[in-house]
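**Student:** Here is what each chain is made of, one letter per residue.
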Amino acid sequence: MIWEVFRQEEPGDRHTHCGNVHAPDREMATMFAQVQHGRRMQTNSLWVAPKDEIGEVDADDTEFGGTTDKSYRWAITYNDIDASFAKEVAESEADQEEHAEKRGGT
Amino acid sequence: MEPAEAELFRLADDEYVLAERYTEWQIFAPTPESDLALANIAQDEFGHARLWYDLLQEEYDYEEPDLLWERDPADFVHSTLVELETPEGDWADTVVRGYLYDVAERLRLEALEDSSYEPIADRVPKVQGEEEYHREHAQSWLDRLTGSPDSHQHVQAAVDRLFPHALTLFAATEHEEAIVEAGVRTRSLSELREDWLDEVVPYLESLGVEIPEPETVVRSDVLGRDGTHTDDWRELHEAFTASYHELGFDEPAELRGDRA
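Chains as they are written, first to last, in the working numbering: chain G, 1 to 106; chain E, 1 to 260.
Certain hints may be false.
Below, computed lysine to aspartate or glutamate pairings styled on DMTMM-like, alpha-carbon distance capped at 25 Å [to be verified]: (1) G:K51 with E:E33; (2) E:K126 with E:D44; (3) E:K126 with G:E9; (4) G:K51 with G:E9; (5) E:K126 with G:E10; (6) G:K51 with E:D143; (7) G:K51 with E:D35; (8) G:K70 with G:E91; (9) G:K102 with G:E88.
Some chain E residues well away from chain G (every beta-carbon gap over 12 Å; in silico) [stated by the list, open to error]: (10) E88; (11) G89; (12) A111; (13) S116; (14) D122; (15) D150; (16) P164; (17) L192; (18) D195; (19) L207.
Pair ranges (Cβ atoms, derived) [to be verified]: (20) E:G47 with G:V89: 53 to 61 Å; (21) G:H15 with E:D258: 40 to 48 Å; (22) G:F64 with E:E113: 53 to 61 Å; (23) E:D122 with G:D13: 27 to 35 Å; (24) E:G129 with G:P11: 18 to 26 Å; (25) E:G47 with G:D13: 23 to 31 Å; (26) E:A239 with G:H15: 41 to 49 Å; (27) E:A157 with G:F64: 51 to 59 Å; (28) G:H15 with E:S220: 51 to 59 Å; (29) G:E9 with E:R71: 41 to 49 Å.
Read the hints as simulated data drawn from the structure, not as lab findings. In this text, all values refer to a predicted model and were calculated from it rather than measured experimentally. All C-beta atoms in this analysis are idealised placements derived from N, C-alpha and C, irrespective of residue type, glycine included.
So here's chain G without its partners, still in its complex pose (with noise of 0.2 Å):
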């Protein structure tokens, strides 16, 4: 039986998929996976999950969201305007120019 290990570095972070362990049952993957995925990192916690009890769907079966064109969101007739004075403004702008080029681009 597979169980998925995720591990947390510290306190407050989240627990993030790192690999597997095949065990029979909960106790013995817990007891692998320290082992595993906790004994070289730096690690705070892991979870470990049955492989089967975790849902997935994916791409093929449905389409996500993050992939529109949104351009005619940007504020493009305000050009060349110095954004300096607002930080979250700047920060903004760098934000979708980012996830205009994971899109290809536009």
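Once you've looked at the hints, dock chain E against the given chain G.
**Tutor:** Chain E in isolation, oriented as in the chain G frame:
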């Protein structure tokens, strides 16, 4: 020999020889996961052996070759439990051996927490932290191996074979009185033996494993602790010193001290 020195030899030799037997499973354990877990435990035990052997070098002026590589096999004082050859492919043997040893090791370490010999007391907490995983590991396996008739039989056979040797963990030598009197260990071997029996017997019986009556199986011919050993030990000793003799190492690595 000083009482603390004698106790250090028992500690170091037990851990070292047990680890040697554990490493024989490398790549042969039942699954990759159990292989890694046992390798991890073996590595811990080697580390503990290193702590105690290093202390013997620092405090009693030994050199590493005197302690391991060039030492007469008849001077090793580990329990015969840890030296026995593992029957081929018999995972239950390793699990039972580990369990019997790990419980004894926990009791011994507790009796060393307040050792009058500070360098030992200082090192105990580090060892204790790791030993806990070892015991959990052994018990988790025992709980499961005794769950099916076939593997239950293997566990029973391993207990029958190993139990008399496990009793040598508590065999006393001429140093015992001095060790307790000096407060190097705060409990005597016979007290530790009682505590150990009080724990392992009810636990194993709760799994449906029969335990021989200790007095009827106790061995007097080979005790390990006095340098008398089984033939398995001679072979193991030859095997683990072979590389040393072939390669001619003269400066082994140290974890603590000037050469670390």
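**Student:** Now tell me, hint by hint, if it's right for this structure.
**Tutor:** Here is what the structure says about each hint:
no.: 1; hint: G:K51 with E:E33; result: holds (16 Å)
no.: 2; hint: E:K126 with E:D44; result: holds (10 Å)
no.: 3; hint: E:K126 with G:E9; result: holds (22 Å)
no.: 4; hint: G:K51 with G:E9; result: holds (22 Å)
no.: 5; hint: E:K126 with G:E10; result: holds (22 Å)
no.: 6; hint: G:K51 with E:D143; result: holds (24 Å)
no.: 7; hint: G:K51 with E:D35; result: holds (22 Å)
no.: 8; hint: G:K70 with G:E91; result: holds (17 Å)
no.: 9; hint: G:K102 with G:E88; result: holds (21 Å)
no.: 10; hint: E88; result: holds (23 Å)
no.: 11; hint: G89; result: holds (19 Å)
no.: 12; hint: A111; result: holds (27 Å)
no.: 13; hint: S116; result: holds (34 Å)
no.: 14; hint: D122; result: holds (24 Å)
no.: 15; hint: D150; result: holds (15 Å)
no.: 16; hint: P164; result: holds (30 Å)
no.: 17; hint: L192; result: holds (27 Å)
no.: 18; hint: D195; result: holds (26 Å)
no.: 19; hint: L207; result: holds (16 Å)
no.: 20; hint: E:G47 with G:V89: 53 to 61 Å; result: holds (56 Å)
no.: 21; hint: G:H15 with E:D258: 40 to 48 Å; result: holds (43 Å)
no.: 22; hint: G:F64 with E:E113: 53 to 61 Å; result: holds (57 Å)
no.: 23; hint: E:D122 with G:D13: 27 to 35 Å; result: holds (33 Å)
no.: 24; hint: E:G129 with G:P11: 18 to 26 Å; result: holds (20 Å)
no.: 25; hint: E:G47 with G:D13: 23 to 31 Å; result: holds (29 Å)
no.: 26; hint: E:A239 with G:H15: 41 to 49 Å; result: holds (44 Å)
no.: 27; hint: E:A157 with G:F64: 51 to 59 Å; result: holds (57 Å)
no.: 28; hint: G:H15 with E:S220: 51 to 59 Å; result: holds (56 Å)
no.: 29; hint: G:E9 with E:R71: 41 to 49 Å; result: holds (44 Å)
The structure is consistent with each of the numbered hints, conforming to all of them.
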